[in-house]
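Novice: Quick mapping for you: the protein sequence lines, in order, are chains U and B. For what it's worth, my numbering labels the leading residue of the first sequence as 78, then goes sequentially. For what it's worth, my numbering labels the leading residue of the second sequence as 569, then goes sequentially.
Worth flagging that the hints you see were computed from the coordinates, not collected in a lab. Glycine is no exception: its CB is placed at the ideal position from the N, C-alpha and C atoms. One should not assume that every hint holds.
[Claimed, not checked] Now the in silico label distances, taken between C-beta atoms and shown as ranges: (1) LEU132(U) <-> GLN1038(B): 54 to 64 Å; (2) SER731(B) <-> MET78(U): 45 to 55 Å; (3) ARG784(B) <-> SER79(U): 22 to 32 Å; (4) ARG784(B) <-> ASP124(U): 22 to 32 Å.
[Said to hold, decoys possible] Stretch by stretch, here's where chain U covers chain B in the computed footprint (C-beta under 8 Å, at least three residues): (5) 905-915; (6) 922-932; (7) 941-954.
Residue strings, one per chain:
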Amino acid sequence: MSVHEVVSEIAGTVWEVRVNPGDQVESGDELLILESMKMEIPVLAEDAGVVEAVLVEKGSSVAEGQVVVSVRT
Amino acid sequence: MTGWLPENTELGLRRQWAAEMGGPGAVAKHHARGSLTIRERIGHVLDRGSFKEIGRLTGEGEYRASGVAHVIPAPYVMGLGKVNGRPVAIGGEDYTIRGGTSWRGDRRKGGQGGFIEDMALQYSIPLINLIDGAGGSVASIRKRGHAVFPGVDGFERSVELMSHVPVISAVMGVAAGGPAGRALLSHWSVMVRGGSQVFAAGPPVVERSLGLTLTREELGGAKIAVDTAGTIDNVADSEADALEMIRRFLGYFPTNVWGLPPEYPITDPIDRIEADLASIVPADRRKPYDMRRVVRGIFDLDSLFEIQPSFGRGVLTILARLGGKSVGVVANNPKVYGGAMDARAARKQARFIELCDTFHIPIIFLVDLPGFLVGPGAEEAGTLRDGMRAVYVAMQATVPMVTLVIRKCYGMAGMGACDKNGLNFKIGWPTAEIGNLPVEGGVMAAFRREIEAAPDPRQRENEIEQELRQLTSPYRMAEAFAIEEIIDPVETRPYLYDVLEAARVGMPAKLGRKPRYGVRP
């Protein structure tokens, strides 16, 4: 068991949050949708696990490299 | 190995000392770390039995009255060999002997200015550097009795090689100083995850200079050198994988700039129809898609070799084959900033275009490019300078290039995805949307007076936006020959194959070194 911190590889605004703490996710699932450069760009889970925390909310600004979700794997 | 003459017996003995490297103890320690010896590494890269060693007898001899007692080999092994039947020059440091530090014979074997560099240049054959050494040591000051000027063993030959023959550097262990510099003076470089590190100077120097205590891995492991900095191009999971990648990389390249890339039999039918291609691009222009799937649908199955997959991820740079012939693919990745070009993507693209141009590998642009990345972060990162450098490099390139617009193609960055210096042949899928500027956002700037004078300005802005959007249909552009052809996505593979086949006809007359004049932005 370890906590994996999912970082956004781009800067943008949170368009939609797709998961809640406690949700089971699989590798490749969409955790968030960011809006950046007029596109809706998903942030994906890298590993399967349970969402521990969602660290941003709809409308938040996200910087490149920022941790947005943590997943217990 | 040994003959009946005493001289031959001595030759056999000396060869055996060379084969023993740093001795059984040092070799066992090296293996215990999970590393291969330099001789094993060379064996992995080369065709079986093709190694012809040069300088096998170099080293430091110990003599008794009866003759030679032992020779500690020079910590560098090199020679000629073959990769897929083609000659190469190959060499690398032997870490089992004094950690691969330099040795002083009458002539340098490897490293910058060494015999192996001269041989690659004089014979016009690829050079493979297997780097595992810490470079210079201040101990040489004591040995010489004076300090040396930087570049006493300089990079001038390493630099010259870059316009003559493919140069590959594999960082197999730690590379600091000169060996790190040599890793960069290559057309492609690879390192091993967890097993190799590269930096200008290692942890002891960093601690002394800056008071920072870092491990080698924290300072120059693959996470920094490959993913973050782009110092090294690719990372492999093991030494064996890294060495196998060298063989694959060379397979796309001619032996030198005076030849054309090798051609392989067609194993994947040219008319293979990938129905998937027709539906990959979502109708909703705000939704991204997997550009790697597009690439796989067009080029030969199992022919893709992605350069720098983890750096500058807004653009994909992939060596591939189409009908068995090498192509360089530059494809925007809409999943990162909608495919916008940031500084890192621009650096990656510019270098890849120079690589392909230098070795006469035609380039296909798969374009989904909203423009340069915008915003304060992008401006601070120097996106304009790196981006314009990518545009400049594309305009100086003379290798055939074909532009295929998958979706967006805008602005100055879009210009850099075209063969403006050549035929400027641009085709598109029906999903293409193209312009000097994106319509949204541009409308208010261009029609401010008209919009503000309208009874409902917001509605007027929308109306103008709608009107312009209809005019940006790729079919209207094709009517005006502003784009030369629109193709059905499923026709892409055979269409590009035929275009490239024709484009290659004139290439034999344009071989040789590519002069590049002027000052890049």
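Novice: Confirm or reject the claim that LEU132(U) and GLN1038(B) have a C-beta distance inside 54 to 64 Å.
Specialist: At roughly 42 Å between Cβ atoms, GLN1038(B) and LEU132(U) fall outside 54 to 64 Å, so the hint is violated.
Novice: Hint says 45 to 55 Å; check whether the CB-CB distance for SER731(B) and MET78(U) agrees.
Specialist: Check passed, 54 Å falls within 45 to 55 Å.
Novice: Using the C-beta atoms of ARG784(B) and ASP124(U), is the stated range 22 to 32 Å upheld?
Specialist: Distance hint for ARG784(B), ASP124(U) holds at roughly 27 Å.
Novice: Has the region 905-915 of chain B got at least three residues whose CB is nearer than 8 Å to a CB belonging to chain U?
Specialist: holds (count 4)
Novice: Confirm or reject the claim that ARG784(B) and SER79(U) have a C-beta distance inside 22 to 32 Å.
Specialist: 24 Å, holds
Novice: Per the coverage rule (Cβ-Cβ under 8 Å, at least three residues), is the region 922-932 of chain B covered by chain U?
Specialist: violated (count 0)
Novice: Just to make sure I understand the rule, a stretch counts as covered if three or more of its residues have a C-beta closer than 8 Å to a C-beta of the chain. Does the region 941-954 of chain B meet that for chain U?
Specialist: holds (count 4)
Hint violations for this structure: numbers 1, 6, all remaining hints satisfied.
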